[in-house]
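Chemist: The chain contents come next:
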Amino acid sequence: MGCKIKHITYHLASEVISNEDLSFEFPEFTAQRIYKNGGIKKRYRTIESVIGSDLAYNAATRLFEETELQRDDVEFILFCTEGLDYIAPMTACLLQDRLGLRQDIGALDLPSGCSGFTNAVGMAKAIIESGQSTNVLLLFGDTPGLVSHPKDFVLRSLFSDAGAAVWVVKSKENKIGKVVYGVDGSGVKHLFVDQSCLRNPPNEAWFEKNKEVGGMPRGQMKMDGLGVFRFSLKKVPVLVDNILKKNDLQIDDIDLFVFHQASKIILKSIQRKLKISDKKMAYYIEENGNTVSVSIPLALKEAEKEGRISKGSKVLIAGFGIGFSWSGTVLFY
Amino acid sequence: MIDENEFVRLLENEFEDVEEGSLKPDSSYREIPNFSSMYALIIIAFIDNEFDVLLTGEDLRSTETIADLYAIIQKKLNK
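Top line first, the protein sequences correspond to chains B and Z. Position one of the first sequence corresponds to residue 1 (the working numbering), numbered consecutively onward. Position one of the second sequence corresponds to residue 1001 (the working numbering), numbered consecutively onward.
By construction, these hints were calculated from the structure, which means they are not laboratory data. Accuracy of the hints is not assured; some may be wrong.
[Unchecked claim] Some chain B residues near chain Z, calculated using beta-carbon distances under 8 Å:
(1) Tyr-86
(2) Gly-225
(3) Leu-226
(4) Leu-233
(5) Lys-234
(6) Ile-265
(7) Arg-272
(8) Lys-273
[As the list claims (entries may be wrong)] Ranges between beta-carbon positions, derived for each pair:
(9) B/Pro-217 with Z/Gln-1074: 29 to 37 Å
(10) Z/Gln-1074 with B/Thr-134: 53 to 61 Å
(11) B/Val-154 with Z/Asn-1049: 53 to 61 Å
[What the hints assert, rightly or not] No farther apart than 25 Å at their CA atoms in a straight line, the calculated lysine-lysine pairs in the DSS-like style are these:
(12) B/Lys-4 with Z/Lys-1079
(13) B/Lys-234 with Z/Lys-1076
(14) Z/Lys-1079 with B/Lys-246
(15) Z/Lys-1075 with B/Lys-235
(16) B/Lys-246 with B/Lys-311
(17) B/Lys-246 with B/Lys-175
(18) Z/Lys-1079 with B/Lys-234
All C-beta atoms in this analysis are idealised placements derived from N, C-alpha and C, irrespective of residue type, glycine included.
So that you can see chain B by itself, here it is in the shape it has in the complex (with noise of 0.2 Å):
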């Protein structure tokens, strides 16, 4: 017994970015020189009624229009966000209320940034084979820019609001390979929001201190750029080494490696340093900037609607990031 992704929707927040709207508002950069220093043209931004779970809800209704799935059929759903609708209760009993899906099934939240993809994806695969459930709908949904500052350069022009689902189901042949995870919380100081919840909440200063920007009241999303990097460089090369040692297979025998999107340069350092060949190689941020826990089943769907990924496929799918947090897997078609 196994199991399988049988199908990925995804949804983009309404709001479209440029670099020319983003120089407007940064005239210190120039439209050419983001593009040229991040690589990504067009970012996607939510309003402020429309948060994660919402996008999640509209990447499910599509899952379902898309696909033979019944609400019915569903037996256990994982969702994935760092966008909550309240700490309490969790966000996935609201979701499966306005899915309309079944009362006796599982619910659970899964707060994990951009590892969360590849995190739900080993989730997923342990509830099916444990015998828990034959159908899993995974529920992504981030919402960065509603945590960004912003007059903060680097968040607004690298991160993009977005909302995913997927639906895993038993099979009979295992085509989700061994999932390796990690994880160093002392890289919390690297990438966290700051002023978020109960530890350290919201107060009178930080209102005033950001009262011409609404007050942030959602907490602000602060970055350490070097050390992100950093760590990417140290960790995913070795993630990577060790996806391909649990599930016996060499560097050469995966046909596409789906790194969570985390930026051009993180990428293009993580390909230069494996020796991976561009063929191999997918880049989907361009278009769609990091869209944290969205940004790998984004990249596996446009990976399957260019032809890059077919029957008999091994996909490398490795996300990483905020924690710090890594996991990983391959992907058989």
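For chain B, the structure is supplied; the task is to place chain Z on it using the hints.
Modeler: Leaving out everything else, chain Z in the frame of chain B:
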């Protein structure tokens, strides 16, 4: 390890906007045309790839010229 001049030449190749032969060991790397935090990442990735040495933010803050970068790599390799 490659010599200092070879290091300068290889580093030059990393930047599209830099003409061949325009950088010298005593050039301040922050004065490379259009230098930005992105260029710092390019330098870190280049050195990691070439020498398996992963520089820190502190290493960058303590260096000024390309020769300083070369020296810090040598120091780390000899540790």
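Chemist: Does each hint fit the structure? Answer for all of them.
Modeler: Verification of the hints:
1. For B/Tyr-86, the shortest C-beta to C-beta distance to chain Z is roughly 36 Å, which exceeds 8 Å, and the interface hint is violated.
2. For the restraint placing B/Gly-225 at the interface with chain Z, the shortest Cβ-Cβ distance is roughly 6 Å, inside the 8 Å limit, so the hint holds.
3. Taking 8 Å as the C-beta contact cut-off toward chain Z, the hint placing B/Leu-226 at the interface holds, the least distance being around 5 Å.
4. Residue-level restraint check for B/Leu-233 holds (minimum Cβ-Cβ distance to chain Z is 5 Å; threshold 8 Å).
5. Taking 8 Å as the C-beta cut-off, the interface hint given for B/Lys-234 holds, the closest approach to chain Z being about 6 Å.
6. Against a cut-off of 8 Å between C-beta atoms, the interface hint on B/Ile-265 holds, since the closest Cβ of chain Z lies about 5 Å away.
7. Below 8 Å, beta-carbon pairs count as interface contacts, and B/Arg-272 has one with chain Z at about 6 Å; its hint therefore holds.
8. Satisfaction of the interface hint for B/Lys-273 is found here, the shortest Cβ-Cβ separation to chain Z being roughly 6 Å, below the 8 Å cut-off.
9. Separation of B/Pro-217 from Z/Gln-1074 is about 50 Å and departs from the stated range, judged on CB atoms against 29 to 37 Å.
10. The hinted window of 53 to 61 Å between Z/Gln-1074 and B/Thr-134 holds, with their beta carbons roughly 59 Å apart.
11. Separation of B/Val-154 from Z/Asn-1049 is about 23 Å and departs from the stated range, judged on CB atoms against 53 to 61 Å.
12. Straight-line distance between C-alpha atoms of B/Lys-4 and Z/Lys-1079 comes to about 48 Å, which puts the hinted pair past the 25 Å bound.
13. In summary, the hint linking B/Lys-234 to Z/Lys-1076 is supported, as the alpha carbons are separated by about 16 Å, within the 25 Å threshold.
14. A threshold of 25 Å between alpha carbons decides the hint, and for Z/Lys-1079 with B/Lys-246 the separation of about 33 Å lies outside it, so the pair is violated.
15. The suggested pairing of Z/Lys-1075 with B/Lys-235 holds, with an alpha-carbon distance near 23 Å, which does not exceed 25 Å.
16. Taking the CA atoms of B/Lys-246 and B/Lys-311, the gap is near 22 Å; set against the 25 Å cutoff, the hint holds.
17. Taken as a hint, the B/Lys-246 and B/Lys-175 pair is honoured in the structure, with Cα atoms around 15 Å apart against an allowance of 25 Å.
18. About 19 Å separates the Cα atoms of Z/Lys-1079 and B/Lys-234, which keeps this hinted pair within 25 Å; it holds.
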